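**Student:** Residues per chain are reported as follows:
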Amino acid sequence: MKSKTSDKKTMAGLFRSNTFIGLVLIAAMFLIGLAINHSFLSPKSLGNIFTNASLLAFASLGQTLVVISGGVDMSIASCISFGAVASALIMKGDNSNIPRAVLVLIITGLLVGIINALGIIYANIPPLVMTLAVSNVLNVVQLIICNGSPTGSPAPAIKFLGKYKLVSALSLITLLLIAAAVLVYLGLKHNNYSKQLYAVGNNKNAAALAGINVNKVIFITYIISAVLACLTGMLLLGYVNFPYINMGASYGMLTVAAVVIGGASFAGGKGHFSGTIIGSLVLVSLSNILVAIQLNDAVKNVINGLVLLVILIFYTREKAIRQ
Amino acid sequence: MQILTHLANKMKKSQAFGAYIMLVLLVIINLLIQGKGFANVSSINSLFLVNTPLILATVAQAVMIFCGGIDLSIGATISVVNAFAIVAGQHVPVPIAWLGAFLIAVLLGAAKGGIVAYLRVPPILVTFAISTLLEGLALLILPKPGGSIPSSIYSVYGGVFAGFIPISALVIVLVLIGFGIVNRRPLGAQIKAAGANQRSLFIAGVNVERTKLKAYIISGVITGIAGLCLTALASSGDPKIGNALSLNSIAAAILGGVDLSGGWGTVGGAAAGALFLGVVNNVIFYVFNNVIHSSTLMGIKLSYLQQLLTNIIIILGLSSSLLAHLKKGQKRRKQANEIKNVG
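Chains A and B, in that order, are what the protein sequence lines are.
Residue 256 in this note's numbering is what sits at position 256 of the first sequence, and the numbering runs on without skipping anything.
Residue 289 in this note's numbering is what sits at position 289 of the second sequence, and the numbering runs on without skipping anything.
Everything labelled a hint here was simulated from the structure, so no lab data went into it.
Hints should not be assumed to be uniformly reliable.
[Said to hold, decoys possible] For each label pair, taking beta carbons as the anchor points, the in silico distance ranges come out as:
1) R120/B / I145/A: 41 to 47 Å
2) N207/B / N241/A: 54 to 60 Å
3) G211/A / G178/B: 51 to 57 Å
4) I32/A / N290/B: 42 to 48 Å
5) V94/B / Y122/A: 45 to 51 Å
Nothing here was measured: the structure is a model prediction, and the numbers come from that model.
Virtual Cβ for every residue (Gly too), placed ideally from N, Cα, C.
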């Protein structure tokens, strides 16, 4: 078998790469969207797609790291919901409350990440199960802090961050994402943590034997993921403008799908944030098409599940036993 | 007396010994808190009545875990069974509707097994995707809660056999006996071998894929029964009725001594783990309703607090395998020390 790196240099390897497949998928989505609705690619609609994709990409940034480390984080959705509801409650539409809100979100993210990592490392609970269980707790905490009905509103600065558009197709959120992508690209290239992250994802035992503190890497990864998700909740609040219960619920599935479409492997050790951004674009254009043909939530759920299932069958097959 | 000691010895060796002990302890604590009110037939009956769906779902989950899988879609499958049984019951005779709902669960089990065994996709991911799909499907079948079942079904399900045995407990016993028969046949060993070391099973000349598929179908059968029991209990339809059971059943199975890495555990232990969770919830419910006499505590709605506590208990349940690992760690440290001393 040829190795992956030599594959990439050949033409066939290019066609097989996830980036290429993702770009083809985006083009296909845009064409289908255009066929259904003629204003699908108007600057306004395009800006809408880009902004939503950027929000999803922000939410999936932590997921990318977690999947590279060989796990998966299902508490992201509840972190986003909590982040939105809690920050609205604390900010009360006043700029001076922003630092306090950010502090609370970071502390919550820290706690969630630590609890996730504790369960995964020390109790040997599969990451998917542990993070789902933690997300259930966080969802109830979200209900408790606002007593069932969210109040408050984003501070003007956060609203500006979520709403401002440079031109109709380019919002501030998209710009922020581009900046974040560049930072992550540079960070993942020249950083001790990133090298350790990929090593842990590839083979925990080998990483441990090479002198890497595997548990520390896993802790840091889950903490980054949870903190980023909580802050994404704040950004989402700025974009939507008012809080509601389970605001981030739909992001749980989508972050996983975006990361996998982006070429990360559930076995760990493989993946990149640029791929995740492409995956986010694919998923957001798909969901915009579903909105354009006016499907109800139940059908959307079914289609989301089917899409994820097909992606999994294509991307995550294991070796046959006889090999 | 001899039989008792023999039984006690057998229990001690059982993989689910811890679960049985915990269950007994909890029942004693419960008796102390609730007094005689807990020990009568109707109270025991209602305990089984309410918890049979969870117990059966846990047994189904345990079978999946034995063969190296895990099922995050058990809850959604049960929701689909419930929604289908209610909606179909409005158009065709109820027995046919229920049979159809049961068959759907079996088919879903076969579909999951097929994807996991033959397409070789990690079960945790497959069943996660399928759970989203099925949650949507349940909502499509039954958009909002409602519907009813003939009252005769509820009265049979909620009834008592021979004066003191709850019918719901009888269902559990029948399922356990059914799986016990499978377990004594080669298939039982093969299912666990598929979870412990599928390569060895393959080399031993057994068709691993088919073994896994069979395990998933068995699990589907039990899930179907759990769904019908839940329908009988609720007497109505709710498209989200079972969704919480996926995580609960995993937590219960771990509590019951089932090893998540596959190949190790007993269905009896799994059932005991589920009953343990059920009794814990029973205690929480009792305390919240009879000890605290207001609807809020420190300004927080009691229903939220109850949810919070239940969810935290599930995390604790999931972490209970920690105890077993600690024990193993102690043993290992002891061995290491001995080696050091000899050296």
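**Student:** Are any of the numbered hints broken by this structure? If so, which, sorted upward?
**Tutor:** Going through the list in order, the structure violates hint 4 alone and respects the others.
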